Amino acid sequence: SAVISQKPSRDICQRGTSLTIQCQVDSQVTMMFWYRQQPGQSLTLIATANQGSEATYESGFVIDKFPISRPNLTFSTLTVSNMSPEDSSIYLCSVEDSSYNEQFFGPGTRLTVL
Amino acid sequence: QKEVEQDPGPLSVPEGAIVSLNCTYSNSAFQYFMWYRQYSRKGPELLMYTYSSGNKEDGRFTAQVDKSSKYISLFIRDSQPSDSATYLCAMNTGFQKLVFGTGTRLLVSP
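Protein sequence lines correspond, in order, to chains A and B.
Mind the numbering: the first sequence is residues 1 to 114 in this note's numbering, read in order.
Mind the numbering: the second sequence is residues 115 to 224 in this note's numbering, read in order.
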């Protein structure tokens with residue numbers, strides 16, 4: 001399975017600011033995903049990021065609020081823009097094993113917005 | 115109605131017990147079923163992966179899928195305190211986005 005790292009592991013931010021979360025994979029992958037996990041809720045897919053194309057956003061998530069970059073096959077960033085306390089959550093990136101339809105997750109970024 | 119329903123627990127059992135974790139779903143097109151284990155302050159870890167109906171066993175863990183009832187289960191034999199975690203079921207139609215349950219928190223006491 002792929003080894004995935006995320007930076008930062010946690011952060012406390014002020015309302016109105018932006019935070020960029022980085023996701024690094026130890027092997028080349030086609031599909032990377034960004035999820036949000038709010039307390040007591042299931043994982044919610046924010047967007048799918050494929051290298052060389054625009055990210056595909058799920059209903060309820062927009063590019064202006066969650067811009068995503070995917071410059072190569074091992075790296076992606078998610079920015080949470082103009083943050084409010086409602087954005088406090090764990091943000092997770094995951095990658096898919098293209099052969100086996102298996103998804104592997106990074107350790108997550110715990111974001112608190114004051 | 116949610117696409118995937120999972121009892122949030124917590125489920126408390128003594129060490130050595132057999133644990134049964136379950137999910138129900140509504141989309142009959144789901145064919146791939148996964149169980150993830152998530153320790154506190156960690157990312158989800160893929161535990162079991164099953165295609166279509168039937169059982170799959172891996173050590174102390176058995177995953178069971180009953181597509182006719184739209185019901186999946188994860189059994190843990192001889193449960194250990196180290197099994198204490200949140201268990202998330204997930205499923206999809208194949209190479210599409212995963213749909214997750216809310217997770218069941220399991221507590222195994224020594």
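If you're looking for bench data, these hints aren't it; they were derived computationally from the structure.
Please note: incorrect hints may appear among the correct ones.
[Unchecked claim] Capping the alpha-carbon separation at 20 Å, the derived lysine to aspartate or glutamate pairs in EDC-like fashion look like this:
1) 181/B / 171/B
2) 156/B / 58/A
3) 170/B / 159/B
4) 211/B / 96/A
5) 7/A / 159/B
6) 211/B / 97/A
7) 211/B / 102/A
8) 181/B / 121/B
9) 181/B / 129/B
10) 170/B / 180/B
11) 170/B / 87/A
12) 65/A / 11/A
13) 184/B / 117/B
14) 211/B / 58/A
15) 211/B / 117/B
16) 181/B / 117/B
17) 156/B / 11/A
18) 211/B / 159/B
19) 156/B / 54/A
20) 156/B / 26/A
21) 211/B / 11/A
22) 170/B / 129/B
23) 7/A / 26/A
24) 156/B / 87/A
25) 116/B / 58/A
26) 7/A / 87/A
27) 65/A / 96/A
[Claimed, not checked] Under 10 Å between C-beta atoms, here's a sample of chain B residues computed to sit facing chain A:
28) 116
29) 122
30) 125
31) 127
32) 150
33) 155
34) 156
35) 165
36) 168
37) 169
38) 175
39) 204
40) 208
Fair warning: this is a prediction, and the values are worked out from it, not measured in the lab.
Note that the Cβ used here is the ideal one computed from N, Cα and C, for glycine as well.
Status of the hints after comparison with the structure:
Restraint check: the Cα-Cα separation between residue 181/B and residue 171/B comes to about 18 Å, which is no more than 20 Å; the hinted pair holds. Of the pairs offered as hints, the one joining residue 156/B and residue 58/A is violated, with about 24 Å between alpha carbons and a cut-off of 20 Å exceeded. The suggested pairing of residue 170/B with residue 159/B holds, with an alpha-carbon distance near 17 Å, which does not exceed 20 Å. The straight-line distance between the Cα atoms of residue 211/B and residue 96/A is roughly 10 Å, inside the 20 Å bound, and the hint therefore holds.
Between the alpha carbons of residue 7/A and residue 159/B the distance comes to roughly 18 Å, so the proposed pair stays at or under 20 Å and holds. About 13 Å separates the Cα atoms of residue 211/B and residue 97/A, which keeps this hinted pair within 20 Å; it holds. The straight-line distance between the Cα atoms of residue 211/B and residue 102/A is roughly 11 Å, inside the 20 Å bound, and the hint therefore holds. The hinted pair formed by residue 181/B and residue 121/B meets the criterion: a straight-line CA distance of about 19 Å does not exceed 20 Å.
Between residue 181/B and residue 129/B the alpha-carbon distance is near 31 Å, which puts this suggested pair outside the 20 Å criterion. A distance of roughly 12 Å separates the Cα atoms of residue 170/B and residue 180/B; the hinted pair therefore holds under the 20 Å criterion. The hinted pair formed by residue 170/B and residue 87/A fails the criterion: a straight-line CA distance of about 38 Å is larger than 20 Å. At roughly 18 Å between alpha-carbon atoms, residue 65/A and residue 11/A fall within 20 Å of each other, so this suggested pair holds.
With a C-alpha separation of about 11 Å, the suggested pairing of residue 184/B with residue 117/B holds against the 20 Å cut-off. Distance restraint check for residue 211/B and residue 58/A: the Cα-Cα separation of roughly 10 Å lies within the 20 Å cut-off, and the hinted pair is therefore satisfied. A hinted pair counts as satisfied when its Cα atoms are at most 20 Å apart, and residue 211/B with residue 117/B qualifies at roughly 13 Å. Between the alpha carbons of residue 181/B and residue 117/B the distance comes to roughly 14 Å, so the proposed pair stays at or under 20 Å and holds.
At roughly 15 Å between alpha-carbon atoms, residue 156/B and residue 11/A fall within 20 Å of each other, so this suggested pair holds. Between residue 211/B and residue 159/B the CA atoms are separated by roughly 17 Å; this keeps the pair inside 20 Å, and the hint holds. Using a Cα cut-off of 20 Å, the hinted pair residue 156/B and residue 54/A is violated, with the two alpha carbons roughly 29 Å apart. About 18 Å separates the Cα atoms of residue 156/B and residue 26/A, which keeps this hinted pair within 20 Å; it holds.
For the proposed pair residue 211/B and residue 11/A, the alpha carbon gap of about 27 Å is over 20 Å, so the pair is violated. With a C-alpha separation of about 23 Å, the suggested pair residue 170/B and residue 129/B falls outside the 20 Å cut-off, and the hint is violated. The hinted pair formed by residue 7/A and residue 26/A meets the criterion: a straight-line CA distance of about 14 Å does not exceed 20 Å. Of the supplied pair hints, the one linking residue 156/B and residue 87/A holds, its CA atoms being roughly 19 Å apart against a limit of 20 Å.
For the suggested pair residue 116/B and residue 58/A, the alpha carbons sit about 16 Å apart, so the restraint of at most 20 Å is met. For a cut-off of 20 Å, the pair hint linking residue 7/A to residue 87/A stands: about 17 Å separates their Cα positions. Between residue 65/A and residue 96/A the alpha-carbon distance is near 24 Å, which puts this suggested pair outside the 20 Å criterion. Evaluation of the residue 116/B hint against chain A yields a held restraint, the C-beta minimum of about 8 Å falling below 10 Å.
A cut of 10 Å between beta carbons decides the hint on residue 122/B: the least distance to chain A is about 7 Å, and the hint holds. For residue 125/B, the shortest C-beta to C-beta distance to chain A is roughly 16 Å, which exceeds 10 Å, and the interface hint is violated. At a threshold of 10 Å, the smallest CB-CB gap from residue 127/B to chain A is about 21 Å, leaving the interface hint violated. Of the supplied interface hints, the one on residue 150/B holds, with its beta-carbon coming within about 8 Å of a beta-carbon of chain A, less than 10 Å.
Taken as an interface hint, residue 155/B checks out: its beta carbon lies about 7 Å from the nearest beta carbon of chain A, inside 10 Å. Checking residue 156/B against chain A: minimum C-beta separation of about 6 Å stays under 10 Å; hint holds. A cut of 10 Å between beta carbons decides the hint on residue 165/B: the least distance to chain A is about 8 Å, and the hint holds. With 10 Å as the threshold, the beta carbon of residue 168/B stays out of range of chain A, its nearest partner Cβ sitting at about 17 Å, so the hint is violated.
This hint is violated: residue 169/B has a C-beta 19 Å from the nearest C-beta of chain A, more than the 10 Å allowed. For the restraint placing residue 175/B at the interface with chain A, the shortest Cβ-Cβ distance is roughly 16 Å, beyond the 10 Å limit, so the hint is violated. With a least beta-carbon distance of about 8 Å to chain A, the hint placing residue 204/B at the interface is held under the 10 Å criterion. For residue 208/B, the interface hint holds, the least distance from its beta-carbon to any beta-carbon of chain A being 6 Å, beneath 10 Å.
The earlier numbered hints that this structure contradicts are 2, 9, 11, 19, 21, 22, 27, 30, 31, 36, 37 and 38.
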